[in-house]
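These protein sequences, in sequence, are chains U, Z and A. For the first sequence, the numbering used here begins at 1 and goes up steadily by one. For the second sequence, the numbering used here begins at 299 and goes up steadily by one. For the third sequence, the numbering used here begins at 516 and goes up steadily by one.
Since the hints were derived computationally from the structure, they do not count as laboratory data. No false leads were slipped in.
One-sided and incomplete, this derived list gives chain A residues near chain U with beta-carbon spacing under 10 Å: (1) Met602; (2) Asp604; (3) Val632; (4) Arg635; (5) Gly637; (6) Lys648; (7) Ser649; (8) Tyr656; (9) Ile660; (10) Lys692; (11) Arg709; (12) Ala712; (13) Val713; (14) Leu719.
Backbone N, C-alpha and C define an ideal beta-carbon position, used for all residues, glycine too.
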Amino acid sequence: MAAGTVPQQAPNLREPKGWRRTKNRIATALMVLAFILVIIPLGFVLYTVVARGASIISWQFLTGSPIPPNTLPASIGGMWPAVLGTLTITGLATLMAVPLGILGAVYLNEYGGKNWLATLIGFMSDVMTGVPSIVMGLFIFSIWVLHFGYSGLAGAFALGCLMLPIVIRSTYEMLRLVPNSLREGSYALGATKARVTVTVVLPAAIGGIVSGALLAVARAAGETAPLLFTILTVTAANPNVFSGANTSLPSQIFSNASQPYVGAQDRGWGAALTLIAICFILMIAARVVTARFTRYSR
Amino acid sequence: MTEHRQEFQRQLEAIEARVIELFAMVGADLPGATSALLTGNNEMAGLLAEREKGISALYPELEELVNKEILLQAPVASDLRFLLAVSRIVPEIELSHNLVVQIAARADHYLSEDLSPRCRGLTETMGNLVADMWRAAADAWYQRDSSAAGMLSERNDELDELQSSLTAELASGRMTLPVTMEMTLVGRFYQRLGDHAVNIGRRVVFLAGSHPPRQPD
Amino acid sequence: MEQPEQKIATQTELPKPAALQEPRPSAAAVSDTPGATVFDSKNVSIYYSSFRAVTDVSLSIYENEITAFIGPSGCGKTTVLRTLNRMNDLIPGARVEGDVHYRGESLYATGVSPISVRRRIGMVFQKPNPFPKSIYDNVAYGPRINGIRNKGKLDEIVEKSLRGAALWDEVKNRLNKSGLGLSGGQAQRLCIARTLAVEPDVVLMDEPCSALDPIATGAIEDLMHEIKSRYTIVIVTHNMQQATRVSDRTAFYSVLRDEKSDTRTGVLVEYGRTEQIFNDPQDERTKAYVTGRMG
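Isolated chain U (complex conformation) (with noise of 0.2 Å):
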């Protein structure tokens, strides 16, 4: 059948020359363009917080204490009891808002489906998110620290109050995604809606609620308005968490900042890397845990 016909032209597969290349190319470069323009401020403040931070660290620095008078020099002293605050009371925090915002996240997914009470705190989780931290913190004094003083714990209130739906919000979104034939899967062994929840379902997206709960504490440990008016700010460490004012790594940069004496600021961009560099650690830590747990998903 082939031998008596025609020869054909090969078939031309280049990219067609033309108006579409054009506007791939442009497209292509603004792409670009609006990634750097994002990149610059980041690197920039990356830069900067390095570059003025880092011969501000030390051991002595990060374990020294108390804070110094602001008008004595960075070498002096320590952040010790911002670094003890910023971990006790967002460590509170997180002890606190994490379970809760899982557990609500699992209600609104597995349980409540389209009822009263699911519709009202997937609102109300909603609306939370956009308040602002101060409110947050004004809120907390009024109901808290006027009637129990300043102290740490109230503190992590605010902080929690803050992270609670940041975690409900990423945990109801890993669910979700968990395809519903692995819960028929173990419905059709014989398992109650609890052993389905709790052996396949949260096992599958804990990666997911994992990092999203550790994006919640790094964002919660950066906080300083909520902070303001629960913890007050002091310069001792202040190991208990539950009573008596405490201070936190963002409120004293805040305070250094605020202050024109060299060795303020020289402290405030110390603590400011520190805190940095605290995030970074717990970002590095999301990723492990998740690539931990999510062994078996490939």
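Once you have looked at the hints, place chains Z and A on chain U.
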């Protein structure tokens, strides 16, 4: 119905048409062979032999068609029963036509003159009976009528009785030896034609399944 | 002339050919007297909110048989299958009218726990759905939720189930690898092993081979034949050749259109032995479907 299935339906109808044609040929040639035998007309044999050659080409073609449809279409239910029934009755029709040709080949001027009246009568009766049976089998096939099998079996018994009478007549020695030998063979031929008709009746039972016969147009 | 006759008379009988000697065992199995009744559905109608998906289905499923549900898309065969282990409960707004009896007990009576129903009546789905856990944990999942914790016992159950699903030899050296790393056919056999691990009474299969290639399909069909003697199997399939190869009984479902209200609902058209449904279907609709002339 999809285009693909319509094509399949057309193929089935083509096969049915060929089968009906084959039935018709045997049905038409059989009385002719009987009368040729009884009147001694040996031209008929020539005509039938020619026809046989043409028909012989049809059988393998039909079988080929049936095999192809079974292989490629994976038929079930009535389609499968139809194709299986066709592949089983085609040899019966082939052999039957062969027998008709054989009967006509025996027609001879001398033979027909030499037949005793009783022998002639029995042969004619047997010829008519077989022709009737064959017509009934063809009708049964066309109408998918499974009740015909019983009737054909009964008439075959009748045929067997006639055959016994014929054998007795031949054994009486009233006719010359060559004639006796030829008529013995002819009697057997008619009997075998009857058997083939009965077989076809049985295949129609399989073909019809549990469904009532379709009415003639 | 006497002697030749005598010789013939005293000749011994010819030995009976081997093919006629003993009764063929499969012939006995193909008799029409079924075993115990496992499921008995009476006038089952299934509603999704106000939409009647399936109308008035009545049929019985018998023990140690493979029953196939065939029919065009949207005729409700999967819906009916899911009533047999109360999986329709998971769909909000789903409602079952009529009754389904499992070995004499009603499945839909008040007080019946769907959990215990599903422990005895397992299900394999169309798209293989292994859990994102190791192969071992996938198979051990069922026994673990039934309270078996002993490692030795679990090892035994896992091996037995994987052997039962004809998967053991392929995965015995990588039981701790993820269940998601298996090919389609292997994943489906893993799901079958997982279902068999809880030792159910009945295995329901919803188009188990539709996502698989012919070789994997053949392996699963072999598996069905092998386990038939210990389980009762009901399979939904849209592949008629599979139904003829595998099943003892076939139920044909179709869609009934109501011209006045322009609604569609699924109905059971014909149910009988597979050879009868595919050789000589009684209902015109069944005939049109199996010969490919429907639509």
